[in-house]
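Asks: One line per chain: the protein sequences are A and B, in this order.
Residue numbering for the first sequence is 1 to 341, as defined by the working numbering.
Residue numbering for the second sequence is 1 to 408, as defined by the working numbering.
One or more hints might be untrue.
Stated by the list, open to error - Computed list of lysine to any residue pairs in SDA-like fashion (alpha-carbon distance at most 25 Å, straight line): (1) A:LYS250 with B:PRO156; (2) B:LYS118 with A:SER243; (3) A:LYS250 with B:LEU201; (4) A:LYS250 with A:VAL264; (5) B:LYS153 with A:VAL264; (6) A:LYS250 with A:ILE135; (7) B:LYS46 with B:THR98; (8) B:LYS118 with A:PHE249; (9) B:LYS157 with B:GLY142; (10) A:LYS250 with B:LEU155; (11) B:LYS96 with A:ARG245; (12) A:LYS250 with A:VAL260; (13) A:LYS250 with B:LYS118; (14) B:LYS118 with A:ARG246; (15) B:LYS46 with B:LYS31; (16) B:LYS159 with A:ARG246; (17) B:LYS157 with A:LEU247; (18) B:LYS159 with A:ARG245; (19) B:LYS96 with A:SER243; (20) B:LYS159 with A:ARG238.
Keep in mind the hints are simulated off the structure, nothing from the lab.
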Amino acid sequence: MTIPGSELEIHETDAPVEDDSVVSVAGRSPTQLAIARFRADKLSMISFTVTVFIVLCAIAAPILVATGVLHPNEFHQELLSDDGVAPAGRFGGISWDHPFGVDPASGRDLLARLMLAITSSLTIAISGTILTVIIGSVLGIVAGFSGGFVDAVIGRIIDLTLSFPQTLMLLALSGPVVLMFRTQIADFAPLSFFESADLSNGFYVILILAIFGWPPVARVVRGQVLSIREREFIEAARLLGASRRRLYFKEVLPNVWAPVLVYVTLLVPAYISAEAAFNFLGVGIKPPTPTLGNILGDSVSYTSADPMYFFLPGALLALIVVVFNLVGDGARDALDPKSHR
Amino acid sequence: MTNETINQDPEDVPAPQPSGHGAAVARADAKPILEVDQLRMYFPVKAPGVFRRTVGQVQAVDGVSFQVAEATSLGLVGESGCGKSTTGRLITRLYKPTAGAIRFGGKDIAQAGASELKPLRREIQMIFQDPYTSLNPRQTVGSIVGAPLAIHKVLPKNKILPRVQELLEIVGLNPEHYNRYPHEFSGGQRQRIGIARALTLQPKLLVADEPVSALDVSIQAQVINLLQDIQNEFGVAFLFIAHDLAIVRHFCPEIAVMYLGKIVEIGDRESIYNNAHHPYTQALLSAVPDVKQAATGGRIERIRLQGDVPSPIEPPSGCRFRTRCPIAQEICARHEPPLLQIGRQHKVACHFPGRLGEAPREPFTTGLLGVDAEGRPDPGASPSTDLVEQPGYADTWFDLDNKSIGRA
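One chain only, chain A, in its complex shape (with noise of 0.2 Å):
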């Protein structure tokens, strides 16, 4: 054992000059805490680098196309093997040209292809997680602070989606809603870029993983509300006769953001991997317009002839994914210091 005391002399003399903290008064939020913590995770930190990588592949790979880098639609039949299906050379056919190798049976750039398609995928899933958050945070509040007859009411409706046949809906609608969206977006200028029938056939999907994906974000924010809406601060806020909307978006809701963050980042995942088994399904972005599911669904028919055709976009598909709930939660983790992974 060491004499006591003595420790405490070296810390003393080692001790940095605390001039910085008594300047800077400026508190750190728990957001602020919880960013410090995120990055000190080594792990959510390599997974949110990749998602960022990911994230910036979708939104250069337009850019790309449209500068004439990338060619995802150009045949290359000359890179075929004699069969005319399977690509030529090994791996399906990965050259410094393609550096993914090329499509069977037509030879497009995979790679192009598959960037293309994690923009599609992207949008498909991030538009319709902002949706779903959208609708499940407000009705989440809406039914946690009232109580009551709305509170009921809220909860019937979401008991009913959860238990509505949603596939069998997802395909019998799918005819005459994508073809009304597809009329009413026809002659709808700013939109005139992209392919009416991938913007229709997108616009479906994302209402659908809206329409049945809101109700758990609804009960998670709900049930925080319910314990919110008991702390004092309410009380107080109430008593300086705070309106309605702002007890309800300035003292609840940064109180049940840290949740609904958490549940977004995996939200992203899933609807991503719903895209392509909805694609799988016939509903969804139709080719040429490449998105993860309709490649995915288009490989299955290669297999045998080009099998690093299948395992490339799943393997990426499956990157997406664990990326992404690696990051999920490790949000989780840094939101929520008491919880242990």
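Following the hints, complete the assembly by docking chain B onto the known chain A.
Replies: Positioned in the frame of chain A, the structure of chain B alone reads:
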């Protein structure tokens, strides 16, 4: 520190009393700022299920009357669940009372709607019990303390920060800490932030709902002293809700003791602490640890009340305290004792009012109620008609010691 009025109209702020931590003295001439008359709050008890039928009522507050004079303090004491916090929340109109009147500045606010209440919010504010839940963890101290100004739009945006800093200084916090978050402060500091928020609109009445019971004893003293300084400087009246009798004695010149939704005894400090006439008040006081008496060994025997507090859903008939009262008799089950004035500033609700161990053998109230000693109707007697409880004190009272009518 300057007392800059934010209200544009010149208010008649009472002249500040001599500063220091001295306890405020009840002034007989002070006019009441708050008058509560027969206030009742029944919470419905609903059956589970779809239809949620009302199956009962929690009589949380059942006919409470008192006054709070300008720039003074009324203490409200009683054990948990006796309705003292509910009373505070009724006066701040967080709840709408079932019946009764709350006259603030002469105006009845008991049934006022939201738009009528908004100006009132500037006059009556509240200090909450738990400093850990009464501040929004996602807002900076500056926006918490400045929120009242923003909601009531009394100051332009660029003037809010200086006012917030001034308030932080008043409550003894570093004004530079306005952009910190509540979690960076200790319990006592948080309570000071809560006090600053309550003071922002310069209220005339502060309802302090157990403002120090969540704090360490050493911090309690600091916060109490702060509240007294605020009262002396700004002339704020307090309704001080607490269960700590020592703190109430220190802070409040007038005290009301509640039991199961009713006031059982109300009076000035001297009457309650040295001249308690209600067996419940006596039991409550005997439970206060007394260092001096413990040292000399002359500790008064503690009165142990038997049983639990009855349910406020089905309170006992007659006197609500009778199930635990050591001196209860037949009449107590039959008739509810009226709150009788027995001193210049002393009222008690008991059939057998008397100092500890000197309770009368015969009920005192038989003549007034027109009943015999057992509580059965007495055909020969003429019951007194003016037994309606008044919020304030009358000029005449029953002098129990001299068996006569006392006069002011």
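Asks: A separate judgement is required for each hint: does it hold in the structure or not?
Replies: Hint by hint, here is what the structure shows:
| no. | hint | verdict |
| --- | --- | --- |
| 1 | A:LYS250 with B:PRO156 | 19 Å, holds |
| 2 | B:LYS118 with A:SER243 | 10 Å, holds |
| 3 | A:LYS250 with B:LEU201 | 20 Å, holds |
| 4 | A:LYS250 with A:VAL264 | 21 Å, holds |
| 5 | B:LYS153 with A:VAL264 | 36 Å, violated |
| 6 | A:LYS250 with A:ILE135 | 18 Å, holds |
| 7 | B:LYS46 with B:THR98 | 16 Å, holds |
| 8 | B:LYS118 with A:PHE249 | 20 Å, holds |
| 9 | B:LYS157 with B:GLY142 | 12 Å, holds |
| 10 | A:LYS250 with B:LEU155 | 20 Å, holds |
| 11 | B:LYS96 with A:ARG245 | 21 Å, holds |
| 12 | A:LYS250 with A:VAL260 | 16 Å, holds |
| 13 | A:LYS250 with B:LYS118 | 19 Å, holds |
| 14 | B:LYS118 with A:ARG246 | 15 Å, holds |
| 15 | B:LYS46 with B:LYS31 | 42 Å, violated |
| 16 | B:LYS159 with A:ARG246 | 21 Å, holds |
| 17 | B:LYS157 with A:LEU247 | 20 Å, holds |
| 18 | B:LYS159 with A:ARG245 | 24 Å, holds |
| 19 | B:LYS96 with A:SER243 | 18 Å, holds |
| 20 | B:LYS159 with A:ARG238 | 23 Å, holds |
In summary, the numbered hints that this structure violates are 5, 15.
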